[in-house]
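Fit chain B to the known structure of chain A by using the hints.
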Amino acid sequence: METINKRKNLNSACALAVLFLVVILMDQLIRPTDSMAMLLTVIRKGSIYALVAVSMNLLNGFTGLFSLGQAGFMLLGAYTYAIFTIPLDERVFVYKYYDYLISVSFPEVLGNLLGGFGLLLGVILALILAGLVAAGVAFLIGLPVLRLKSDYLAIATLGFAEIIRAIFIWGKLGPLTNGSNPLKSYVRLNAFQLHIGDTTINFSTLVPLAFAAFCIWIIVLLVNSSYGRAFKAIREDEIAAEAMGINLYKHKQLSFVISSFFAGVGGAMLAMFASTVQANNFKSTMTYEILLIVILGGIGSISGSCIGSFLFIAASEWWLRGLDSGTFLGIDAPGVFRNGFRLVVFSLIIMSVVLFFRRGIMGDKEIPEVMARIWGRLRTRMRGRAGKGGEAADG
Amino acid sequence: MLQIEGLRVNYGGIEAVKGISLEVPEGEIVTLIGANGAGKSTILRTVAGLVKPAGGSIRFQGEEIAGLTPDRIVSRGITLVPEGRRVFPDLTVLENLKIGAYLRKDKPYKDLEWVYELFPRLDERSWQTAGTLSGGEQQMLALGRALMSRPKLMMMDEPSLGLAPIIVKGIFDIIREINRQGVTILLIEQNANMALHTASTAYVLETGRLTIKGAGKDLLNDEAVRKAYLG
Chain A
1 METINKRKNL NSACALAVLF LVVILMDQLI RPTDSMAMLL TVIRKGSIYA LVAVSMNLLN
61 GFTGLFSLGQ AGFMLLGAYT YAIFTIPLDE RVFVYKYYDY LISVSFPEVL GNLLGGFGLL
121 LGVILALILA GLVAAGVAFL IGLPVLRLKS DYLAIATLGF AEIIRAIFIW GKLGPLTNGS
181 NPLKSYVRLN AFQLHIGDTT INFSTLVPLA FAAFCIWIIV LLVNSSYGRA FKAIREDEIA
241 AEAMGINLYK HKQLSFVISS FFAGVGGAML AMFASTVQAN NFKSTMTYEI LLIVILGGIG
301 SISGSCIGSF LFIAASEWWL RGLDSGTFLG IDAPGVFRNG FRLVVFSLII MSVVLFFRRG
361 IMGDKEIPEV MARIWGRLRT RMRGRAGKGG EAADG
Chain B
1001 MLQIEGLRVN YGGIEAVKGI SLEVPEGEIV TLIGANGAGK STILRTVAGL VKPAGGSIRF
1061 QGEEIAGLTP DRIVSRGITL VPEGRRVFPD LTVLENLKIG AYLRKDKPYK DLEWVYELFP
1121 RLDERSWQTA GTLSGGEQQM LALGRALMSR PKLMMMDEPS LGLAPIIVKG IFDIIREINR
1181 QGVTILLIEQ NANMALHTAS TAYVLETGRL TIKGAGKDLL NDEAVRKAYL G
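Top line first, the protein sequences correspond to chains A and B. Just so we're aligned, residue 1 is where the first sequence starts under our numbering, counting upward by one. Just so we're aligned, residue 1001 is where the second sequence starts under our numbering, counting upward by one.
Pulled out of the complex, with its shape left as it was, chain A reads as follows (with noise of 0.2 angstroms):
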């Protein structure tokens, strides 16, 4: 068992590096005017949504609590991300109508101490702390809204997201997150670049890829430790896991609070991602494409969630922008159909995978199972085959 655990982590590992050197060239390669640009957008949004999707999935699929708050924790992260990274110069220009609050920001800090390394590092901690703060806050909600269940929980969880939404405008806190204006100038997914001598080596893809690798990486850790048997067993009966000796109310806790965290570090990268942080762009909305994203690559799967957000994106953002602007499969769409019939195109196709994946694309399993079944039926079918064959040229 052990060492075909061991080979498998060996080849993961190997894809990973594969996957992170051709998005690193990619990142070189392609010119921002270039046809093939949407791809790295579809890259980085469609990573930081599989974070978001897998955080959430951890919450409604693993632990079968029906939240919808994840919108709203994304809002902390980002704001948070966004406060502690702005440069100092900067942010009397951002805050025009109030005197800011909070006067640090880490990558600035850290990269006079530090240089260019200093600048990620700065990055990785007001990411840390985007998390944190989503983290405290949905300790502080779970504490009443765990004892609902179903229906009840999404309704709560919804109704805080919506609170925060309006608590983040509300112009008495203005110093801190700047009323309804927007944040911006912190630093963003452009300013990842290397310069050595006159060539400049861009990772504005490679960023979050990474960091949304790693976040899901911990989550697949802590779903197959003895943490992730326990939400498991809270999801298919509370009743039969209570009398096994597991603590119901702290083990939804955990699972709350860590989704948030993971969501809060997903909002942060979203405002990388982003040119501006504002509380209107957190709306309930977002929520839904996530839990869209979640049935669709079905619930219960890592895979499935990180799968799904890459089709969800690149349908939204890619191969359907036809349908609005320019032309799509050589038909001049717009000027046929009203604008607008991207999303009933959208919508169907929705609707026809729904149908055909009845457990969304990956039903509860990974994708190193269904790799393996499939592997398995065309070994079988090439026996079979092979075996005819056989009795051919003997007849």
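Calculated directly from the structure, the hints in this document are not laboratory data. Each hint should be verified, as a subset may be incorrect.
When the alpha-carbon atoms are kept at most 30 angstroms apart in a straight line, the in silico DSBU-like pairs for lysine-lysine are as follows [to be verified]:
(1) B:1217 <-> A:250
(2) B:1169 <-> A:250
(3) B:1107 <-> A:8
(4) B:1105 <-> A:6
(5) B:1169 <-> B:1052
Structure of chain B alone, referenced to chain A:
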């Protein structure tokens, strides 16, 4: 080992258990029999901590445990095999067994071997999801899962529920075997015949009150018990 005194439990506005006292001596099999709604399950659920008692005391090895949370009670060495088996259907047999050992700090490999020895069928199916097992196999899994916590006292809520007579016999053989290996057992049964043959002490429960107490074999010959429960 387990002493219950004057236990009262309210359940949804009615008093389901009305001040009962009973004792489970170490190393024995004790059974509670009674009709539906007599309060048998409620007693077990209260001992396991799933329901809070309204009054009375529950002492386990001299220590008061009434009102403790279920995880505290499990870690003191009491496990409940819940009614209707309640295995985790989408988890594998192995995962189910590992959850049984959740509160233990040490690695449970030895007990896994022990459980597989008692139930070789579970070893064969360790990678199957529990939902695909037959009823009898699920009951074996529920028993094995409870044993994984290394209980001193194992409480079973109707282990024969919905199983064919031949399987029921097998389950009771295993219950006796588990008892022989040093686990004290408190058993609830509708199948009074089987339970009275197995148990050293038996209590008859009627609408929240204990009415008869005696050795299992004696109750088999008791006229009132025969009329009411053995037919």
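*Go through the numbered hints given earlier and state which of them the structure violates, listing their numbers in rising order.*
Failing hints, ascending: 1, 2 and 5.
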